[in-house]
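S.K.: The numbering of the sequence shown is the working numbering, which starts it at 11 and goes up by one.
It is worth saying that the hints were derived from the structure and are not from the lab.
Misleading hints may appear alongside valid ones.
Said to hold, decoys possible - Heads up, simulated DSS-like pairs for lysine-lysine below, C-alpha to C-alpha not over 25 Å straight-line:
id	residue 1	residue 2
1	K71	K136
2	K71	K96
3	K52	K96
4	K21	K136
5	K21	K71
6	K96	K136
7	K52	K71
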Amino acid sequence: MIYGIGVDLVKVARVAAVLERHGDRFLNRIFTPREIEHCRGKVRAASMLALRFAAKEAFSKALGVGLRKDGIRWREVEVVPNPRGKPEFSVTGRAAQLCQEAGITNMHLTLTDENDQALAVVVLEK
Numbered sequence: 011m012i013y014g015i016g017v018d019l020v021k022v023a024r025v026a027a028v029l030e031r032h033g034d035r036f037l038n039r040i041f042t043p044r045e046i047e048h049c050r051g052k053v054r055a056a057s058m059l060a061l062r063f064a065a066k067e068a069f070s071k072a073l074g075v076g077l078r079k080d081g082i083r084w085r086e087v088e089v090v091p092n093p094r095g096k097p098e099f100s101v102t103g104r105a106a107q108l109c110q111e112a113g114i115t116n117m118h119l120t121l122t123d124e125n126d127q128a129l130a131v132v133v134l135e136k
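Whole structure, please, built from the sequences with the hints as guidance.
M.R.: Right, here's the structure in full:
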């Protein structure tokens, strides 16, 4: 049964501008070391980061909580590729606790980007 659906659209240029302005401070606040390592140095790094940013937002919408003090934290939701390259979630902390309490059994994620837009769609099942 579907527990929640979340969608988020991010402008890649906006993420690139924040990255330019705040650099590692922004990266370390929003992304896990594995996410940073996966994206760093790639030709499309800003797009890859924007996709992960959108995925975290979409996840919080599907779960029905915000990314704030009384919700979940950015780094508790990690987007990592499986061995075949498909993006998947790894959740920890309060995000994992809320998923367990809600009975979430499956998390589905799809990412796409076109021109200057990054889109994430999340479906949570219980």
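S.K.: Now look at each hint and say whether the structure bears it out.
M.R.: Checked hints:
1. Note on K71 and K136: the hinted pairing holds, with a Cα-Cα distance of about 16 Å set against a maximum of 25 Å.
2. The straight-line distance between the Cα atoms of K71 and K96 is roughly 21 Å, inside the 25 Å bound, and the hint therefore holds.
3. A threshold of 25 Å between alpha carbons decides the hint, and for K52 with K96 the separation of about 17 Å falls inside it, so the pair holds.
4. Taking the CA atoms of K21 and K136, the gap is about 31 Å. The hint is violated against a cut of 25 Å.
5. Using a Cα cut-off of 25 Å, the hinted pair K21 and K71 holds, with the two alpha carbons roughly 18 Å apart.
6. Restraint check for K96 and K136: the C-alpha separation of about 21 Å stays at or below 25 Å, so the hint holds.
7. Of the pairs offered as hints, the one joining K52 and K71 is violated, with about 29 Å between alpha carbons and a cut-off of 25 Å exceeded.
When the structure is compared with the earlier hints, violations turn up for hints 4 and 7 and for no others.
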